[in-house]
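First to last, the protein sequences are chains A and B. Heads up, the first sequence is in the numbering used here, so the first residue is 81 and it goes up one at a time. Heads up, the second sequence is in the numbering used here, so the first residue is 81 and it goes up one at a time.
It is worth saying that the hints were derived from the structure and are not from the lab. Hints are supplied without guarantee of correctness; some may be wrong.
Listed below are several chain B residues computed to face chain A (Cβ distance under 7 Å; list not exhaustive) [said to hold, decoys possible]:
1. Y188
2. I544
3. R611
4. L632
5. P634
6. A637
Just so it is clear, CB atoms sit at the ideal spot from N, CA and C, and this is done for glycine as well.
Protein chains: 2
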Amino acid sequence: MSAIPEDFIQKTAQLSDDVTRPFPSSKKTYVTGSREDLRVPMREVECTPTHTEQGEELNPPIYIYDTSGPYTDPQVTIDLRQGLAEVRANWIAERDDTELLDGPTSEYGRQRQDDPELAHLRFEHIRQPRRAKAGKNVTQMHYARQGIITPEMEYIAIRENNKLQEMRGDPRYAKLLRQHAGESFGASIPEEITPEFVRDEVARGRAIIPANINHPELEPMIIGRNFRTKVNTNIGNSAVTSSIEEEVEKMVWSARWGGDTLMDLSTGKNIHETREWILRNAPMPIGTVPIYQALEKVDGKAEDLTWEIFRDTLIEQAEQGVDYFTIHAGVLLRYVPLTAERLTGIVSRGGSIMAKWCLAHHTESFLYTHFDEICEIMKAYDVSFSLGDGLRPGCIADANDAAQFAELETLGELTQKAWEHDCQVMIEGPGHVPLHKVKENVEKELADCYEAPFYTLGPLVTDIAPAYDHITSGIGAANIGWYGTAMLCYVTPKEHLGLPNKQDVRDGIITYKIAAHASDLAKGFPGTQVRDNALSKARFEFRWEDQFNLSLDPDRAREFHDETMPKEAHKVAHFCSMCGPNFCSMKITQDVREYAAKLGVSEEEALKEGMKEKSVEFVDKGAEIYQKT
Amino acid sequence: MSAIPEDFIQKTAQLSDDVTRPFPSSKKTYVTGSREDLRVPMREVECTPTHTEQGEELNPPIYIYDTSGPYTDPQVTIDLRQGLAEVRANWIAERDDTELLDGPTSEYGRQRQDDPELAHLRFEHIRQPRRAKAGKNVTQMHYARQGIITPEMEYIAIRENNKLQEMRGDPRYAKLLRQHAGESFGASIPEEITPEFVRDEVARGRAIIPANINHPELEPMIIGRNFRTKVNTNIGNSAVTSSIEEEVEKMVWSARWGGDTLMDLSTGKNIHETREWILRNAPMPIGTVPIYQALEKVDGKAEDLTWEIFRDTLIEQAEQGVDYFTIHAGVLLRYVPLTAERLTGIVSRGGSIMAKWCLAHHTESFLYTHFDEICEIMKAYDVSFSLGDGLRPGCIADANDAAQFAELETLGELTQKAWEHDCQVMIEGPGHVPLHKVKENVEKELADCYEAPFYTLGPLVTDIAPAYDHITSGIGAANIGWYGTAMLCYVTPKEHLGLPNKQDVRDGIITYKIAAHASDLAKGFPGTQVRDNALSKARFEFRWEDQFNLSLDPDRAREFHDETMPKEAHKVAHFCSMCGPNFCSMKITQDVREYAAKLGVSEEEALKEGMKEKSVEFVDKGAEIYQKT
């Protein structure tokens, strides 16, 4: 019998309808790979036909990279107390390089397990943790370097392609596949993402697949500049009390709007139990900053931190299934004075904790001195490194300074060390950077860290807009993604001011989905423009519902439209509230277009045969269609 | 006796408190120039002292470029029925090159004047219009080319400098004046904006001062890439009825949040009367698209438009005081077929009207064929050209295509023609452009249009986010401003969906103020970073109130903060809701900073004397201060 109180069960077992209802005119489809248990989810958006004088023209469905997990699949019964299905379970087991442990091997994990007072908070079906067998290395990088294509890699290839090859072979998509050649600043984006390409990128360290063997519920995804730009979201409360159910709901909410990964940054109490609930129900990789929890264990006294406490925390979290750890191992003792003349000093929480520890002990950071031992832990569970930028700038004035770049070089040194262990690594980046200094960050990271994937917070391109920092940072994010950053860590409107609520989280994610998509368009990632084209075609053809449904936030698009034109009839009207029925450029242009179609004049022909002559002809006949306007 | 109904008077005479109350801890100050009637407004934000162990450190006031007009000056009594004070009246009169007319010389202007049914809508104190004396040219460009520095030019120099020279001479600002060197892509931004520099830029056509002689209420401002990046806002309703008072309130609202210029895009009825109310109360330049009103005059039938109707409209509006006209004179007959293969054809209203007219008449646009006559009108009132981009792309797919760039070349040709008349010109630009194709737009504009100021709408860097197009376009705007665009036309969240309400307008403007400021930081405009530095210093020192007051939107910053920490005491607390009292990187860093100050270690010294040695010493003593944490 579970000791969870009734109201807790009710709440957590029933997510709000907000976070689970399917998107309008969308259905969940799966592409099955080389094995039956490899099913890659996609969102298929149905579109309505275009009505022309010649009759109906069908508009093919549009596929959207789907981060929302099983929550938007009506076929799946969601029960948070059971957790999600273990989609990777067979793959992990078949590799036969891991063993099931009797229970948690971390001291803290055992303590929490044995504490009867926590029974009412505890996830009910805690699995035995899994760990690499002695002498084995279970990282995706290790497999990749041995030439093995894992099911995770195949899954990712299918997911990244998003049916592009099928669309290329389907004439209905011909118009929609039009795309500008990109400018990728030396990235190596192929026309098709093959499983072998995934393997190769992981093997050389240019991409990572955060996928702890204790997180079999995970739908695999990849972070690398030659793949789609990803968005990380954050949850987690601080001193203020926050309930487990709230955090789980936030996680599902993040997934819904397009969060590719999620960091649990909790610093409150019961974070061990909260994490378990989140992991068992998370379809995306989960990251943490273990030093936060370690600090809780020493009652917030940075100087009381020890390697042993930190080590135990890593194992505790790795055995729960955390997929990546932010570790600020680049904050070296000698870099601390470099921050003394800064306008805002050290703004990273992890960075300031480690700076404090280093100063208090007159010695080098234990994260740095014990780095090899950390790698041993990481590779036993396949936890990826997210090497933290503890000395990132906290304001425009401090951008790209000596402290920041000194740390970056050390992160490069640590990357090589991690790679010697076949550990997966990404590098965290700033922060606050004026627009013209953003590119230097990417260039230095690629050079100093050997193209390990870059993962940046924003950057904010100005400090003067608290309450709008999703926007100040979204500008920087779109640019840094274009230049080669693999994952963008979102920022909400509440940054610098308070804790984000659900609405803030939605605003933050959508802003970052915009930034990531803008980056992919600019880099020229194949197929990215299909959605833009389909939405713009719908707009031009006054297919209002399709315009809403294809957008990043169909609910808000519909709501905004309905504020001025609420009637259902207006959703098929050939005008809108901006210009009114008799004053619409789109409408006029359609007349021109229809006329051109009748003539059989294509743009190329007009150019070929001499613009002037053709224009006259075009206009000669064109006049007719305007007589009755 | 006025026939305005009582409720109308009450509403228009009393703007809502929302739009007029002064900003918190701010006062209106004026810098007086070389003559008593040349008083340049600035907003002065008072800052609270920093409390250190050594005692109080005073923080000097920060000056903010102030677009809000007399509305935020408690010394000024606002009466919309009287209109604003005529700050430029003497300057215009003294030049003695204009004459007062008996009344409107346009046919339509007289009609409206004589229509008794409009009495209740009419502004009560319509002045006699003013026009250049026969043979005179009254444009600021004409004066500039004759070597004359007008009061408008001096006003602008003071305004753009924003007390930078005074700050440079004041040791209290030493820390705050720190600024990154910019990357301006060949702009010629001086260290100090002198009146002579203003004159020179206007003379060579690189900047314009939109300032109709019939708009003496105007607070002069400049648009050019070597000055601060400006933001244009739009108001105006379409078929739906909108009241005059709403439009006037919107104009003041725009000014409040930082709109530098405003376009009245109304297409409804009574736009003549609405425009009068707006102009008489507008401290910023007002722009229009005269073809909209001309189209109303022919009941929406584009093919019925004539040069005569258009010409009359230009004169009507010029005599009211409109400062710049969007004229789509580059939409040539032969370019229309170039849009036939586009995904979304012609999306500019003006562009599609002219395309329709050209097709209907088998002939070249009257805007193009009568361009010299248009120039004659423009220079008689000093109305600036905003040469419209009627063929701008309406979606990502159509960006940077043959139609768009063909039109741009024609705009260059027209620029030279206008300059032969000493008419001021800016060039409108797109639209929808992927991030990597934004720069090409600026480069082509600068080359094809001889560095005439560029004025762009966004651009939106993706089409997939209706309801968030302030953000999709804000990303493009920050970039295009950085590359050299002089003014950014704002986009609200309702773009593509409906008419913006007050909240949407605020969101749109703040987003564009962010973009413009980010551009200025990136270009390295002198003094731009002072506000970032002051705000970040306040943040670092937990001066919450200063942080709010220095931000672009103090109200919302305060409101967001108060959602999680409403108590007054928290506004001086040395922590916030994000990390809580015992977990604050800013706090830890301050300890480090204070310690360093005691040691007398500067960053440079640390570097000079060898980082390692100094670090050890730094840390040796540093340990002490952490004992009691």
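Quick rundown of the hints versus the structure:
no. : hint : in the structure
1   : Y188 : violated, 19 Å
2   : I544 : holds, 5 Å
3   : R611 : holds, 5 Å
4   : L632 : holds, 5 Å
5   : P634 : violated, 9 Å
6   : A637 : holds, 4 Å
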